[in-house]
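Trainee: Below are the chains, spelled out letter by letter.
Number of protein chains: 2
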Amino acid sequence: MVLITFKVNGSEVNINANKGDHLLSIAQRANVAIDAPCSGNGACGKCRVKLLKGELDSPKTRHISDEEYVMGWRLACVSRVMSDVVIAVPDIASAYRSRMRVADISSPKELEIFNNTRAEIEAAGIGFGNGMSTVTVQMDAPTRDDTMPDNERVAWAIQSATGAEKVTFTFLALKKLARVLRESDFNVRCVLEEQPDGSQSVMDVMPADSTTPVAGLVVDLGTTSVAALLVNMEDGSILAKASTGNGQIRYGADVINRIIESGREGGSQRLQKAVVEESISPLAEEMCAAAGIGMKNIYRMCLAGNTTMNHLLLGLYSEPVRMEPYIPTFFHCDDIRTSMLHLRLHPDAKLILAPNIGSYVGGDITAGAFASMLWNKEEMSLFIDLGTNGELVFGNNEFLMSCACSAGPAFEGGDISCGMRATDGAIDSMTIDPDTMEPHFTTIGNTKKPVGICGSGIIDIIAELFKAKIIDGKGKFRREGRRVRFDENGMGEYIIAFKEDTRGVRDISINEVDIDNFIRAKGAIFSATMTMLGSMGMDPSVLDHVYVAGGIGSGINMKNAVTIGMLPDIDLEHFSYIGNSSLSGAYAMLTSNAARQKVDELATTMTYLELSTEPGYMDSFVAACFLPHTNANLFPSVEV
Amino acid sequence: MVLITFKVNGSEVNINANKGDHLLSIAQRANVAIDAPCSGNGACGKCRVKLLKGELDSPKTRHISDEEYVMGWRLACVSRVMSDVVIAVPDIASAYRSRMRVADISSPKELEIFNNTRAEIEAAGIGFGNGMSTVTVQMDAPTRDDTMPDNERVAWAIQSATGAEKVTFTFLALKKLARVLRESDFNVRCVLEEQPDGSQSVMDVMPADSTTPVAGLVVDLGTTSVAALLVNMEDGSILAKASTGNGQIRYGADVINRIIESGREGGSQRLQKAVVEESISPLAEEMCAAAGIGMKNIYRMCLAGNTTMNHLLLGLYSEPVRMEPYIPTFFHCDDIRTSMLHLRLHPDAKLILAPNIGSYVGGDITAGAFASMLWNKEEMSLFIDLGTNGELVFGNNEFLMSCACSAGPAFEGGDISCGMRATDGAIDSMTIDPDTMEPHFTTIGNTKKPVGICGSGIIDIIAELFKAKIIDGKGKFRREGRRVRFDENGMGEYIIAFKEDTRGVRDISINEVDIDNFIRAKGAIFSATMTMLGSMGMDPSVLDHVYVAGGIGSGINMKNAVTIGMLPDIDLEHFSYIGNSSLSGAYAMLTSNAARQKVDELATTMTYLELSTEPGYMDSFVAACFLPHTNANLFPSVEV
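Heads up: the protein sequence lines correspond to chains A and B, in order.
Counted from 1, the first sequence has number 519 at position 457 by the numbering used here; the numbering is strictly sequential.
Counted from 1, the second sequence has number 128 at position 66 by the numbering used here; the numbering is strictly sequential.
Isolated chain A (complex conformation) (with noise of 0.2 Å):
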């Protein structure tokens, strides 16, 4: 037996192990998080943990510098405890906040795609009003004369002042109200929300001065990213913005380990607790912090997340989603008391899920279905969302058919050894001189050391790399140069910058592993497509318009989306880049009980094709593995 100490974020876990074990083997027993996107192979080089003290058997890999390994760095998945150790463990919450990327309106171009958004849904008739209000109203004091109880007087002034038959009180309301009423002078100001019957709650009660909004809550809770918006109930508009990592993340980067974890002993409580207090409150604390308020000043919530998510979220017995025939507890639920998932919002906020439609497409979907408008046109369109899943609506104002499949973390900067989030120092678009091979790349901020790559940078390597011909259809390396290096294995990699041109301390490259990955991804993507348009006897010629949406950024180079072949090969002008259209779906559904009730509607409506079980998709998948296709006709505008 040895034992094993973590050091994280400030605090100590002790575990004991025997020799011999496996470093991340042993941290994931100790609950302790460690980036390990790969789940462990060796591959993607982000599991990097410092040896302080001891001895590890732990091989120097091309992810660490020799800099490095003699300050102590290692790789954790092929690290096995020798002795007693003591191992420093980066914050798992800040790596993928720094790497992971998530839509989250905090760019000038996605919020002017999310005001587009907004904008769109107005016009389509689907108007602003989700049943909150507040009110201001004045009364005489009691007396010997006049001694109503508190909260009849104050009903009796809404009924006067709004005409509402009915006004009831939440305990949080009725709880303050003494106190409130005679530190006010009996002037206050009361947030109401209207009920099914047509009463008004009595929320809140404030001192009648009081400019505190009426906040709620939207979360796009990914599988990877959580994205969310503080709003104003009453006007809609942003009071903040933010986003971070699924707290879910140690436990499996994909929803399957996440639900065999939530399986074990304790385990949907663990997932449960790890998403709530990791990840959504903290970001309605930032939020609140930044708009200046209390978290019991959020009044509504509305979350949009995959299927999975969602049952983890509610700390449900998950398996059944996973398991043949992969049933969900629910599509559509009943609006939850956010108290119930430990949330310390008001305690009478609800919790508004947008609506499943199958275990593996969820509200993300139908929020972000919605928020495409495609369902608003008399062209057929596709929506391509590009998260861990991917998943796909196709159809027009007659019809809706939905499906899903997994797509990796790629898309959102994962996966991929120096892939990093589109921030200050991101290469996010590039270009190689087909002769020289040199490449050409801008940075996010022009900032002129890069960092690493983001999601749309990862595109144009790839596109470039196959145009230029240093690598082949199957991603393998055939050029050689400066720029290209092979391994003790024959792998390749393109060095897209030497260490001394970076901020950092290794070159910044990508490698096969990494395109590999890659072609993967977007091979689901694009044999997705293809199977479901082939369900209905169409192909991707019927498509009047492409919406993409999901982490990958609006500096996607559409051109190159079609040439690398993960998007299907029609004229360009039909492209659009939406944002997070879970997020606008999501926002759309807590600020309007309109939108609400149109994607209950379309989530009725939209059939599901379950891709698994449809036959040719193996076929399709691994015909879509290859740059562009093994199919060349399939991308006729793509030179090959």
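Take the hints with a grain of salt, since some may be wrong.
Note that identical chains are pooled: a pair holds if it fits in a single copy or bridges any two copies.
[To be verified] In the DSSO-like style, the derived pairs of lysine-lysine whose C-alpha atoms are separated by at most 30 Å in a straight line are:
| hint | residue 1 | residue 2 |
| --- | --- | --- |
| 1 | Lys228 | Lys412 |
| 2 | Lys621 | Lys112 |
| 3 | Lys439 | Lys561 |
| 4 | Lys228 | Lys511 |
| 5 | Lys510 | Lys531 |
| 6 | Lys511 | Lys122 |
Keep in mind that the hints were calculated from the coordinates and are not lab data.
All values derive from a computational prediction rather than experimental measurement.
Could you slot chain B onto chain A? The hints should help.
Mentor: Only chain B this time, still in chain A's reference frame:
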């Protein structure tokens, strides 16, 4: 500075104090509960503690025998700390449990009264029916061709079985659904709660063969005592019953002191916690254990308490209740989820509160007046609830009027040095030979040796002492003999049983302080009766019936109660003891929606007379503090 260590209930509390400080005040500062109903003037002798170490300046009083004094027993209220001390404190909850009397349907007589009340309510057309039911449904397991999610599957089955148009799920039911369905082969029993819109809410789901009852909780929350029932919501049968003391007692014996405490920093939380964690939750747990069910199987709760108890239970800011112009936060309160009060019942279990109608006439009285059935008779009746507060309702099927007075704990066995609850060994009736002054008494359980005196015994003793002219109209001792003893201050005492004839180590006696406490209590009740009737230009001759409720017990001798001037001098046949009417009324409200509606209706129409501002009430009270009354004409049947 000296260090005081209290040992209570197996734990230790340490606090510093100044030499010479009163031990009782130190205990109150340290939140250590010492039974002190007389609020520390050395009168009642209840605040017994045991000195384990150190020095107390503490005179031996008549409440402590020589043997006890040697063993270390002292009265906390007359003790001053002279050094570091270690003090053992008897558990106050058990002290109250063994002393204070609450009508809790635990005796066959009380059960009979309770069942009579139930029958009368039914006979008045107030039918059983609370919208809770169970339904057992058998479904097909999902297959590849039948992938309906679990909640829709169950909803469909319930709709088919019940005809309900809409079925929703509470979060708890949703959370259990997937597992219970699969573990019980899709054959389940659902607990349903009908909603105001006619839909059925699935509150719980269990295997079809489960026989767990759908339980409801009834609580009579008194200032001093708490009684509770666990009820089967489907048939109204009683699953368990229990009673205990109100854990708030340590913050004051009366409502005023508790409100003052609740106004202090953190006070409302402390008061709420005391009653929830020390009284209601333990009662519910005890009854659930007895009935073999879980706390989560309690799906609804109804509580009747006075206005202050209701406010403190909810943790409200209650100062306005005790201060001019006496304004509560609410009379009628919308249903509250019990989980908001930190009660760990079913998380969606609603709390129904019997409505208040004034700052000093609360839900115990609206529920009690309902159970008294005086609203269903043409004749005028008076309903008197003898609790720590005395409340009265007068009227018939056309009008109801109520008022309240402060009676203190005398009727429940408190404030009386040898008072105890009506259990084995309690003297419950007594006569005194006027010549020999020798007593003849009966004890509950016919025990040979008595332990103390319960409420009905005290009425008899005072009436008999008065009839035998051992005491005069002022309650002062006038005769001498072996049974009568005077202390150094000339204060008289009557020995009912000498030490050697008791099961304890002290004489069982009643002294002038006890008698004075009781005379003030009965004086408050009688003057309230006269003032209320007088306010309508009436006197007791209009009364067709007097209903007495409260902890005084079914053994009450109405003739003697008239003799001492507690009840008006009307024909004895027209008195009824109706037990714990607050508990019976709350039971009816829990199990019958019609009863609930009727109580709300009574509360809306009942008028409230504020005695403290009624001219003449104080004079009337002073005149009534005499046996039977300073105006003997009011008691023609009593020989003076």
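Trainee: Confirm or reject each hint.
Mentor: Okay, the hints, checked on the actual structure:
| no. | hint | result |
| --- | --- | --- |
| 1 | Lys228 x Lys412 | both (20 Å within a copy, 20 Å between copies) |
| 2 | Lys621 x Lys112 | neither (42 Å within a copy, 89 Å between copies) |
| 3 | Lys439 x Lys561 | neither (50 Å within a copy, 97 Å between copies) |
| 4 | Lys228 x Lys511 | neither (64 Å within a copy, 62 Å between copies) |
| 5 | Lys510 x Lys531 | within (28 Å within a copy, 110 Å between copies) |
| 6 | Lys511 x Lys122 | within (26 Å within a copy, 90 Å between copies) |
Hints 2, 3, 4 from the list above are not met by this structure, while the remaining hints are.
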